[in-house]
Amino acid sequence: NAGVMQNPRHLVRRRGQEARLRCSPMKGHSHVYWYRQLPEEGLKFMVYLQKENIIDESGMPKERFSAEFPKEGPSILRIQQVVRGDSAAYFCASSTMQGGPYEQYFGPGTRLTVT
Amino acid sequence: AQKVTQAQTEISVVEKEDVTLDCVYETRDTTYYLFWYKQPPSGELVFLIRRNSFDEQNEISGRYSWNFQKSTSSFNFTITASQVVDSAVYFCALSEAIQGAQKLVFGQGTRLTINP
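Protein sequence lines correspond, in order, to chains A and B. Residue 78 in the numbering used here is what sits at position 78 of the first sequence, and the numbering runs on without skipping anything. Residue 172 in the numbering used here is what sits at position 57 of the second sequence, and the numbering runs on without skipping anything.
The hints are simulated quantities; they were obtained by calculation from the structure and are not laboratory data. One or more of the hints may lead you astray.
[Unchecked claim] Think about it this way: if two alpha-carbon atoms lie no more than 20 Å apart in a straight line, the pair counts; the simulated SDA-like pairs of lysine to any residue are: (1) K44(A) x S186(B); (2) K118(B) x E57(A); (3) K27(A) x T115(A); (4) K118(B) x L38(A); (5) K118(B) x S186(B).
These numbers come from a predicted model, not from an experiment.
Just chain A, same shape as in the assembly (with noise of 0.2 Å):
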């Protein structure tokens, strides 16, 4: 049973560029969550996603960021007009609502770099 995806691993992107990360949850899991971790911090909550539902956006900043989780394919977390601040790694989590704890299983990052 693959885990969760997340591509790509490594991402370089120059100032004012587009960058796109995608997720592809475990098998069965209808539910998504990104997170940032900044160089040196923990992880901040973004925004969860159920397919083709925004659930929670309140981590995201307000603008350049959008996410998407479509009925069919990967959750993609676009970053628009990527800024030197925007350097970090980028954690999908998936989880499955069939009756609670939901266990968040994560993948293993994309690391972004804007030089």
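Start from chain A and add chain B according to the hints.
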């Protein structure tokens, strides 16, 4: 608001010593879950334990043990007879309910170095 505090930024011990990582949390929820994750140098997050707020029994798994004390809002993690492979950053996290699912609030992490 939910908050997790890991006051120890870095800990360095010699192999075979016991080491305890502290975690203190704040929440208004009566039902919540606490977690520990390990992040080795390779960068992935490894789940270690989940504990719900109604279960205050201590847990032991091999060389790892956890002490959950609701009275002091603490969920400390002890590694007995530490090994070099235990070197990693360890995160404590608290769940915050969102429409039935959980948003994790992480502490800042404790960087543990085990020296040979």
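Here's how the hints hold up against the structure:
no., hint, in the structure
1, K44(A) x S186(B), "violated, 27 Å"
2, K118(B) x E57(A), "holds, 18 Å"
3, K27(A) x T115(A), "violated, 35 Å"
4, K118(B) x L38(A), "holds, 18 Å"
5, K118(B) x S186(B), "holds, 16 Å"
Checked against the numbered hints listed earlier, the structure breaks hints 1 and 3; every other hint is satisfied.
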